[in-house]
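Which chain is which? The protein sequence lines are A, B and C, in order.
Sequence positions in the first sequence follow this note's numbering and run 1 to 327.
Sequence positions in the second sequence follow this note's numbering and run 1 to 181.
Sequence positions in the third sequence follow this note's numbering and run 1 to 777.
These are calculated hints, taken from the structure and not from any lab test.
A hint or two may mislead.
[Unchecked claim] Derived lysine to any residue pairs resembling SDA-like cross-links, with alpha carbons at most 20 angstroms apart: (1) C:K775 <-> A:E135; (2) C:K775 <-> A:V306; (3) C:K764 <-> A:F307; (4) C:K775 <-> A:R313; (5) C:K673 <-> B:A161; (6) C:K572 <-> C:A608.
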Amino acid sequence: MIPFSYSRATDANGAIEQVAGNHTKYLGGGTNLVDLMRENIERPTALVDVTGLSNEITETPDGGLIIGAAVRNTALASHPIVRARYPVLCRAILAGASAQIRNMATVGGNILQRTRCSYFYDAAGSNCNKRTLGEGCDAIGGFARYHAILGASPSCIATHPSDMCVALAALDAVVLVDGIHGERRLALNDLHRLPGDRPDVDTVLEPDELITAVELPQFSLASRSTYRKVRDRSSYAFALVSVAAILNVKDGLIADARIGLGGVAHKPWRARKAEAILRGGPATIAQFEAAAGAELADAQPLQDNVFKVELARRTIVAVLEDLRDTQ
Amino acid sequence: MTITVNGVSAALPDDLRVSLLDFVREHLLLPGTKKGCDQGACGACTILADGERILSCLALAVQYDGRSITTIEGLGTVDALHPLQQAFVEHDGFQCGYCTPGQICSAVAMVEEARRGVPSHVTSDLTSDRFDLDHDELRERMSGNLCRCGAYNGIAAAIHATYGDGNTVSDKPQVMPEAAE
Amino acid sequence: MNIIEDAKQAVQGLVQGAMAKAVALAPDSWMPGGEPDPLIRHQHGHVGKPLSRIDGPRKVTGSATFSAEFPVDGMVYAAVVFATIAKGRLVEIDTRSAEASPGVISVMTHRNAPKLNPPPVFMSSSKAAGGDNLPIMQDDRIHWNGQPIAVVLAESQEFADHAASLICATYEADVTLTNFAVAIAKGTEPSLFMGQPLHNEIGDAEKALKEAPVAVDATYRTPRHNHNAIELHAVTVAWTGDTLRIHDASQLVAHTAWSVAQMFGMDEKQVVVTSPFVGGGFGGKCLWQHQVLAAAAAKIVGRPVRLVLSREGVYRVVGGRTLTEQRVALGADKHGKFKALIHTGVIAKTPSNILPEPFIMPARSAYASETMLLDVQAVELDMLANTFMRAPGEAVGTFALESAIDELADALGIDPIELRLRNEPEKEPTSGLPFSSRHVVEAWKMGAERFGWDQRSVKPGLVRDGEWLVGLGCATATYPYYRMPGGAARITLTRLGQATVDIAAHEMGMGTATVQTQVVAERLGLSLEAITFNYGDSTLPGVVLAGGSQQTASIGASVIAAHRALVKELIKIAGNDSPLAGLKPDEVASRDAGLCKADDPSRFETYASILERAHRDEIRVEASPPDPLETMHWSMHSHGAMFCEVRVNAVTGEPRVSRFLGSFDCGRILNSKTAASQFRGGIIMGLGLALMEETQFDERYGRIMNPSLSEYHVPVHMDVPDIDVIWTDIPDPHTPMGAHGVGEIGITGTAAAVANAIYNATGKRMRDLPITLDKLL
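Work out the full structure, taking the sequences as your base and the hints as a guide.
Below is the structure:
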């Protein structure tokens with residue numbers, strides 16, 4: 001870990017001014033950043049602690065929810081409105097990490113956590129384009145069980161490790177961002193990038209931009225949502241595949257369907273092809289299978305993770321079936 | 001810049017890189033909090049920050065300026081064991097003893113979380129804020145604390161013996177900061 | 001080097017082989033354990049009781065001091081830099097930035113490290129402890145990807161870690177061999193274990209297999225594993241004059257002291273190794289480079305050094321269990337009688353260590369078969385030396401053997417327990433030795449009854465609970481009884497009736513001090529409070545390895561010897577005025593804080609009275625037990641019957657264990673509370689072995705890619721159901737206390753029980769570990 005300075009932000013503008021133009025990073029709970037600093041992968045010379053900012057959860061007039069970026073994962077998953085109206089988000093958060101980490105981790109930090117690719121983590125001994133652009137990707141041809149099957153590139157096959165973001169992707173969450181050039185609103189689905197030839201850049205945020213809040217739209221009370229995570233041990237493990245789904249069935253027909261996939265791509269993957277097939281169609285297993293199949297038709301797995309295609313297909317179908325049956 | 005550890009105020013380290021874990025172990029010479037991975041993967045370093053369980057290895061000490069920390073040394077002593085510590089001994093909730101302080105700190109806060117109505121991954125009804133710490137709830141909520149010796153059954157038995165289902169226990173054990181030396 | 005080593009071992013093997021015959025034929029009474037330990041008859045004393053750990057209060061309050069927690073004035077913190085190529089040499093190592101970095105005192109590399117002899121590699125001599133015999137930081141050679149190349153010494157861990165990140169190395173790579181399949185294709189070599197070839201033949205097994213009416217023949221694979229004790233390997237070392245003090249996390253303090261002394265060219269008494277508490281060992285807490293690097297660094301800086309390996313560092317520096325590829329072929333007649341048992345295969349080791357993973361050990365004694373072929377071949381790879389990890393050989397060997405038996409049972413249409421019982425041997429098939437104590441049939445019967453084995457659906461894939469396919473499986477557990485040479489104990493008895501036992505033994509969670517306090521109290525006829533059990537210090541008597549489940553036996557035999565010496569001395573000083581006058585030591589027993597005639601307890605005098613009359617405040621004796629010839633005279637093993645219920649998710653393939661029962665036959669249980677924990681702990685590590693554990697070794701670079709507890713999965717709370725453990729509690733008449741060590745047996749058989757249950761649940765046969773969900777989709 002290189003030496004750094006530390007300060008606590010008292011307002012967003014002050015934080016942004018401090019960060020702009022320096023090797024400075026915003027510090028949330030620290031559960032990912034501190035780890036990466038210890039691994040010499042992140043090397044900020046200054047940290048601005050933003051956990052004192054925006055840690056409220058408030059209802060919007062139209063029935064949505066604004067979640068401050070500094071809200072801790074546990075607080076968010078425990079919030080009565082989240083539990084009642086957004087079970088997909090509650091369950092996704094609770095499926096992630098451990099209770100201790102959820103007590104520390106913030107919403108903003110969770111969104112910006114970096115991949116768990118073991119070649120990315122091996123700063124001393126492995127090549128990684130995400131760490132050092134142009135170095136090559138040792139994960140390709142290596143251990144790739146946890147790696148991407150959708151949207152990967154020849155330069156990077158890393159996956160985004162968040163559970164919460166998969167739910168946020170399905171929920172059409174909007175991320176509120178503030179920066180030196182002012183505020184903006186970004187769909188969560190547009191925040192994370194696919195690797196392409198710049199896997200070193202995880203998101204579309206500028207270095208000075210600070211996530212201040214996440215906005216959840218209001219949801220039809222008729223919708224059912226849930227999150228299912230498939231992993232190698234029963235708890236405290238990253239997803240091989242996870243599915244966040246929201247389904248609204250009326251008279252046997254699918255009025256609304258939104259699906260997020262985790263563990264399959266460089267970003268929380270919104271399964272829009274599947275959704276397009278589902279919407280307006282019959283809520284049948286055949287339809288669910290067709291939808292899952294369409295989404296995964298583009299999958300380009302490696303030898304190590306070829307199973308994920310089938311696993312994702314089955315999990316999507318099972319989750320949709322489950323939501324249909326509890327309508 | 002000060003931090004309160006087991007009821008005693010302490011100056012934070014000059015080197016900002018010092019983790020909360022290394023701060024208590026190396027600076028305050030409170031080695032009861034253990035380093036098992038230093039990367040947030042084992043739970044051995046679990047301590048309580050204002051009563052909430054956190055991983056002290058992933059925390060910079062400076063982030064906890066002004067906060068109140070309880071380590072295992074603050075829960076009980078050899079001569080005055082916390083009820084859960086006593087139960088760990090009786091139910092053989094450990095073998096080598098290395099993950100044990102983390103398990104105990106974690107369990108103390110876990111019970112509080114459950115009483116507060118914090119749901120878990122295995123909670124079936126998310127809208128209910130009252131549930132029993134049954135077998136699955138307890139094991140899921142404690143899954144952030146690895147035990148390589150495999151004392152999991154004894155740990156679960158000790159927690160059950162001390163707290164029952166998490167709701168009905170009358171002799172609610174208290175954190176005893178004054179117990180620290 | 002390797003060839004010489006092998007030749008030396010072969011000679012040792014021949015000598016042992018010749019001696020073994022003589023020992024086998026000698027009368028029982030000549031053997032240690034020929035007369036049952038009198039303690040076996042004590043049924044209502046301290047032995048067997050569920051005494052809570054006497055060090056429990058210290059452990060639960062965090063006041064048990066581990067090796068990284070000894071405060072030493074003026075201490076320096078160390079950080080290690082590791083090589084990133086598998087083989088070659090360091091062309092340049094630039095340490096200037098590190099040396100100029102704040103807080104740094106020195107950087108040690110091969111250029112300035114003190115001259116050291118290579119480590120004596122474990123099993124090369126009686127006190128050798130080294131994981132390999134490679135020189136430590138003596139030249140520019142790189143032997144494995146992860147080898148330490150520099151140690152930074154600084155005023156704080158933060159300074160040291162940062163400076164370590166500034167060190168740049170450039171390498172010249174040699175041609176490497178890091179691919180198992182490629183190495184096998186180039187040819188394998190026979191292997192030796194403890195001086196004996198890992199090879200047995202009875203008749204022509206291949207021919208018998210071909211002729212057998214029913215046969216199975218399959219290949220099983222197990223990956224590399226790491227011990228992953230939660231305590232990081234750590235040492236605090238200090239030189240005081242010519243004496244080196246090492247606070248270590250060690251399961252062999254005396255071996256370590258001797259071996260380190262060899263390396264530094266010192267007398268072994270000049271090296272003091274202490275290790276009062278070890279935060280988990282499992283075979284991993286032995287002598288690797290970090291202790292030696294810390295001692296060398298302390299010499300360079302002239303200050304005490306603390307070196308705590310990072311979790312990655314543990315993977316880079318401390319070896320683990322190697323991978324195996326095993327063939328098991330079984331032929332049987334239509335009644336299930338084995339006509340052929342073939343268990344052969346290949347493991348990987350390195351040119352610089354001796355241990356092959358001896359996976360044929362279970363097959364040597366578990367079943368009767370008309371013919372047998374057992375063989376372990378080895379290839380040598382450029383990697384960190386492999387080492388023993390909980391039940392080396394048996395843990396993975398039972399997976400293959402016991403899975404194959406389940407396959408055969410299925411092919412025969414015979415219940416797998418029944419099939420095992422039909423092939424119960426009368427004596428050990430490969431050696432012809434009689435069993436010292438074998439009650440595995442009782443273990444099977446007790447276990448089957450309690451587990452509800454009769455509820456199992458014979459046909460696989462039929463039981464379903466919602467999304468979950470449910471199945472039951474079973475397997476035999478087996479682990480040898482060992483007692484290694486080198487035990488010794490000292491007893492000090494005071495006039496106040498207090499006894500202190502000193503022995504260089506270890507506590508890594510087995511409950512050593514607790515259990516031995518019970519045993520010593522019983523043996524000396526004293527209360528538990530009257531006993532002090534000192535251990536974990538190389539200056540104490542004995543060269544005792546906490547490994548091979550043999551420490552209990554080693555301590556037990558040492559205390560028996562010391563007790564005999566004590567009785568002899570007490571009778572001598574008791575003189576003619578004592579009620580004991582004229583008795584021989586063999587006629588005397590301890591009871592009620594004194595001695596009595598064994599068959600006439602009324603002839604009795606207290607220790608206090610004897611010492612008082614002799615005007616002695618205390619009496620001190622030290623003794624060693626005879627060499628462990630009993631293990632060459634009897635076939636000595638622990639046994640178990642393992643039962644598992646699994647649930648496999650029909651959608652996702654996720655395998656989860658929902659019930660487990662271990663039914664054990666391990667001699668007399670000395671403490672039912674701590675023994676149950678050890679059984680469970682072994683089973684839980686076996687569940688990890690079955691379902692999730694794998695050290696990912698990238699064969700392209702020879703580098704471990706998951707050196708972390710988040711990427712190397714060990715079981716968490718949620719993975720572990722309530723585990724039921726029961727035992728026969730039948731004493732082995734030929735062992736101290738009638739007991740066997742119980743640390744390793746639990747991991748044996750477990751993986752096969754899980755795999756067999758998965759077959760019963762799904763109809764899918766799992767032959768490659770770990771059984772991850774992708775294999776079940």
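Verification of the supplied hints:
About 33 angstroms separates the Cα atoms of K775 (chain C) and E135 (chain A), which puts this hinted pair outside 20 angstroms; it is violated. A distance of roughly 11 angstroms separates the Cα atoms of K775 (chain C) and V306 (chain A); the hinted pair therefore holds under the 20 angstroms criterion. Between K764 (chain C) and F307 (chain A), the direct Cα distance comes to roughly 16 angstroms. Compliance with the 20 angstroms bound is thereby established for this hinted pair. Between K775 (chain C) and R313 (chain A) the CA atoms are separated by roughly 16 angstroms; this keeps the pair inside 20 angstroms, and the hint holds.
With a C-alpha separation of about 16 angstroms, the suggested pairing of K673 (chain C) with A161 (chain B) holds against the 20 angstroms cut-off. The straight-line distance between the Cα atoms of K572 (chain C) and A608 (chain C) is roughly 15 angstroms, inside the 20 angstroms bound, and the hint therefore holds.
When each numbered hint is compared with the structure, a violation occurs for hint 1 only.
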